[in-house]
Amino acid sequence: AQSVTQLDSQVPVFEEAPVELRCNYSSSVSVYLFWYVQYPNQGLQLLLKYLSGSTLVKGINGFEAEFNKSQTSFHLRKPSVHISDTAEYFCAVIRGYGGATNKLIFGTGTLLAVQP
Amino acid sequence: DAGVIQSPRHEVTEMGQEVTLRCKPISGHDYLFWYRQTMMQGLELLVYFNNKAVMDDSGMPKDRFSAKMPNASFSTLKIQPSEPRDSAVYFCASSSESGQGSNYGYTFGSGTRLTVV
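Going line by line, the protein sequences match chains A and B.
Residues 1 to 116 (our numbering) are what the first sequence spells out, left to right.
Residues 1 to 117 (our numbering) are what the second sequence spells out, left to right.
If you're looking for bench data, these hints aren't it; they were derived computationally from the structure.
Using N, Cα and C, we set each Cβ at its ideal position, and we do this for glycine too.
Residues on chain B that point at chain A, a partial pick, calculated with CB under 7 Å:
#1 105
#2 108
#3 110
#4 111
A few chain B residues facing chain A, derived, Cβ under 8 Å:
#5 42
#6 43
#7 45
#8 48
#9 56
#10 91
#11 106
#12 109
For each label pair, taking beta carbons as the anchor points, the in silico distance ranges come out as:
#13 70/A - 12/B: 42 to 52 Å
#14 53/A - 74/B: 28 to 38 Å
#15 16/A - 51/B: 47 to 57 Å
#16 71/A - 81/B: 39 to 49 Å
#17 39/A - 74/B: 20 to 30 Å
Could you put together the complete structure from these sequences and hints?
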């Protein structure tokens, strides 16, 4: 079975400060990893994804994430946040292509609260 | 492409009534997923289809929920009878198994906010 753990339910940060949102996964096979963002009263928007290749993945809005297989982590980072980054961020995992299942499993989410 | 389209955006219904949520996936996508989002449980996968066939409905309460995909461009999630605990935001998503590489991923609809009173 695979699961996703987001260690922080809420991360408060001041505007223009750096931020890291943590995500760890558990899986016995190779995985694809995703970060989604959900703004208030809206749907889920894909920020970035890791499928293969370079372990440093760059996404939209200045976010990036690093896949670390030995630590089974996929932490999301941004060097300088804006007020508009305030949203819920979800880490998600899917078993690698070729498996019998194609389910996207989400973590519990981290609320990024950017303060002026 | 218009993306994944869900209707209605909001639904308020009385307990015991039937509710039908609708989803149109992205053309060419062969996977369709129904998720439910609540404060308590987060995002839960209810059911998903591959080429219109149910692949896994283990997350769906089968006594009152039913999901159908009569053709490649339309799916419904029906709740009968509805209960207050069904109040949630229901998301539909689609993806393509054949879309490997940089195109691989899920696209979500805007969701249906269901309130059962």
